[in-house]
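Novice: Spelled out from the first residue to the last, the chains are:
2 protein chains.
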Amino acid sequence: MNVTILGNNSALPAYGRHPTAQAVEVNGEIILIDCGESTQVQMQKYGIKWRRLNHILISHLHGDHYFGLPGLLNSMSLQGRIQPLHLYAPAPLLPILDMIMQVADSELAYPLHYHQLPEGDAILEDNPAFNITCFPVVHRIACHGFVITQKSSGRKLLLDKCSEYNIPQTFYNQLKQGQDYSAADGTIIANNLVTLDGPPAKRYAYCADTLYSETYLPFIKNVDLLYHESTYLHENADKAILRFHSTTVQAAEMAKLANVGQLLIGHFSSRYKELDAFEAEAGAIFPGVHVTVEGTSYEV
Amino acid sequence: MNVTILGNNSALPAYGRHPTAQAVEVNGEIILIDCGESTQVQMQKYGIKWRRLNHILISHLHGDHYFGLPGLLNSMSLQGRIQPLHLYAPAPLLPILDMIMQVADSELAYPLHYHQLPEGDAILEDNPAFNITCFPVVHRIACHGFVITQKSSGRKLLLDKCSEYNIPQTFYNQLKQGQDYSAADGTIIANNLVTLDGPPAKRYAYCADTLYSETYLPFIKNVDLLYHESTYLHENADKAILRFHSTTVQAAEMAKLANVGQLLIGHFSSRYKELDAFEAEAGAIFPGVHVTVEGTSYEV
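As given, the protein sequences belong to chains A and B, one line each in that order.
With the UniProt record's numbering applied, the first sequence corresponds to residues 1 to 300, in that order.
With the UniProt record's numbering applied, the second sequence corresponds to residues 1 to 300, in that order.
Rather than coming from a laboratory, the hints here were simulated on the basis of the structure.
Some hints here could point you the wrong way.
Claimed, not checked - Computed cross-link-like contacts, DSS-like style, restricted to lysine-lysine with a CA-CA straight-line distance of at most 30 Å:
id: 1; chain 1: B; residue 1: K161; chain 2: B; residue 2: K176
id: 2; chain 1: B; residue 1: K273; chain 2: A; residue 2: K49
id: 3; chain 1: B; residue 1: K239; chain 2: A; residue 2: K45
id: 4; chain 1: B; residue 1: K49; chain 2: B; residue 2: K151
id: 5; chain 1: B; residue 1: K273; chain 2: A; residue 2: K45
id: 6; chain 1: A; residue 1: K151; chain 2: A; residue 2: K161
id: 7; chain 1: B; residue 1: K256; chain 2: B; residue 2: K221
id: 8; chain 1: B; residue 1: K256; chain 2: B; residue 2: K151
id: 9; chain 1: B; residue 1: K161; chain 2: A; residue 2: K273
id: 10; chain 1: A; residue 1: K239; chain 2: A; residue 2: K256
id: 11; chain 1: A; residue 1: K273; chain 2: B; residue 2: K45
id: 12; chain 1: A; residue 1: K273; chain 2: A; residue 2: K239
id: 13; chain 1: A; residue 1: K49; chain 2: A; residue 2: K202
id: 14; chain 1: B; residue 1: K273; chain 2: B; residue 2: K45
id: 15; chain 1: B; residue 1: K45; chain 2: A; residue 2: K239
id: 16; chain 1: A; residue 1: K256; chain 2: A; residue 2: K45
id: 17; chain 1: B; residue 1: K45; chain 2: A; residue 2: K49
id: 18; chain 1: A; residue 1: K239; chain 2: B; residue 2: K49
id: 19; chain 1: B; residue 1: K45; chain 2: A; residue 2: K45
id: 20; chain 1: A; residue 1: K49; chain 2: B; residue 2: K151
Please construct the entire structure, taking both the sequences and the accompanying hints into account.
Specialist: Right under this line is the structure:
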């Protein structure tokens with residue numbers, strides 16, 4: 001599981017930085033979080049294939065988080081996509097997309113399943129490979145964060161032991177899921193004789209655009225990797241409050257409070273050409289911080 | 001007067017080429033024609049300043065011609081624009097823009113004057129520096145081409161003659177506009193004694209997305225520079241008809257028939273990585289052809 005940053009800037013593209021978009025790869029699938037203008041170009045540039053993309057999450061309806069969506073949806077259609085796509089977004093996006101298709105006298109060539117984000121938190125998707133939940137953050141308009149949990153690949157097999165007990169390979173998947181084995185002679189081989197605990201599930205939390213607030217702390221506690229916006233350096237904490245955004249110090253404090261493994265920061269204001277001070281300020285509070293770089297993939 | 005190409009590809013961005021956008025510079029002002037996704041990034045890249053941009057023309061409502069517009073409008077607002085902007089576009093764009101602003105709970109910081117394109121041809125703008133007209137072309141949905149005419153800077157003064165007849169410099173502007181001069185003693189100095197014809201007005205015609213059709217020929221006759229789309233090489237003339245587009249050969253035939261000075265072609269299908277064949281095919285019919293390159297400015 002990893003996160004590739006496609007856009008790490010706030011609303012104004014600047015210094016080669018683009019508005020928000022992230023591609024989360026989990027068990028071979030891509031989940032796109034937000035889709036600022038030029039996301040399809042960034043996906044091409046960084047080798048993110050739409051054929052592996054089946055879920056798009058839109059945090060809120062400020063343009064820098066979705067103006068790239070209509071173009072991406074159209075382009076996949078033109079490129080022959082037929083596989084269904086699941087879109088999770090605030091309710092008012094649907095009529096906008098409908099009007100855009102209608103005035104173009106066009107239809108997508110694939111089924112687009114629209115899932116409206118609820119007011120509060122919810123499970124959006126739950127399948128054998130991963131689940132996606134959403135939770136409210138605090139912004140000028142309704143805005144959600146997301147947690148993506150990679151499901152464990154199951155218990156770890158002790159292959160020597162499996163051979164020793166003559167367990168056929170066709171039963172290995174059941175072993176991984178914790179089942180005991182019944183031999184032909186009736187002997188029961190307890191699962192814990194031939195397996196160990198598998199690796200723990202990995203979790204990535206994305207905090208979208210938000211004012212620093214402990215209201216969303218319970219949803220991001222102990223995740224392996226947290227993305228928290230850091231639009232401003234801390235000297236502009238007043239601007240952050242005014243515009244419902246966060247600073248370096250606030251992002252780092254939140255990471256510490258939530259006891260996360262690592263921290264990504266982004267959504268940088270276009271007032272900053274250089275980002276060195278972001279690393280210094282956040283790192284002083286939470287050493288496991290990464291000032292995101294477009295095109296870079298971060299392991300969860 | 002010149003035209004800078006910001007996007008020369010058709011709907012799918014490919015090989016570093018972007019969807020349609022062109023910046024026409026005329027007497028110091030910028031007129032933006034179409035605004036595909038990433039136009040604001042392309043403007044930054046090629047030094048097109050929004051402070052000189054007061055008119056945006058949208059030919060039709062296929063996304064590759066306007067998906068960059070909401071982002072550009074927002075960005076100018078965030079950057080402190082207060083000067084009014086004139087937008088000429090098909091009627092159904094306005095409710096889309098309204099909804100986008102409404103769901104973001106935002107307003108532009110500057111007046112946006114929306115001018116709905118008519119069904120047929122019309123004068124859209126007429127000021128001392130230039131005028132803009134529109135005319136219908138033939139596409140799957142309503143689509144317009146545009147002609148931008150740079151007004152002549154007036155008659156050319158013969159400075160030696162002006163001195164000889166003792167005409168004060170304060171009257172030079174009237175001379176340029178063709179007026180005779182009345183001296184204090186009642187003598188009339190005929191304008192043509194002290195001036196020559198000025199340079200002719202320059203005209204640029206943009207043919208948007210269109211099927212080859214002589215219906216729009218009258219509107220583009222004798223222009224100095226014609227942009228005509230050429231989505232396909234001529235071997236794909238059947239595809240061009242099916243999708244209401246044109247080929248190299250058709251663009252060049254139209255340029256010849258219309259007796260234009262020079263021809264720009266663009267809106268290339270993403271099926272073509274290399275564009276050499278476009279130059280060869282169109283150039284065989286109309287030698288004054290330029291296969292457009294993004295970032296390049298073409299003199300009208």
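Novice: Provide an ascending list of the numbers of those earlier hints which the structure does not satisfy.
Specialist: Structure breaks hints 9, 16 and 20.
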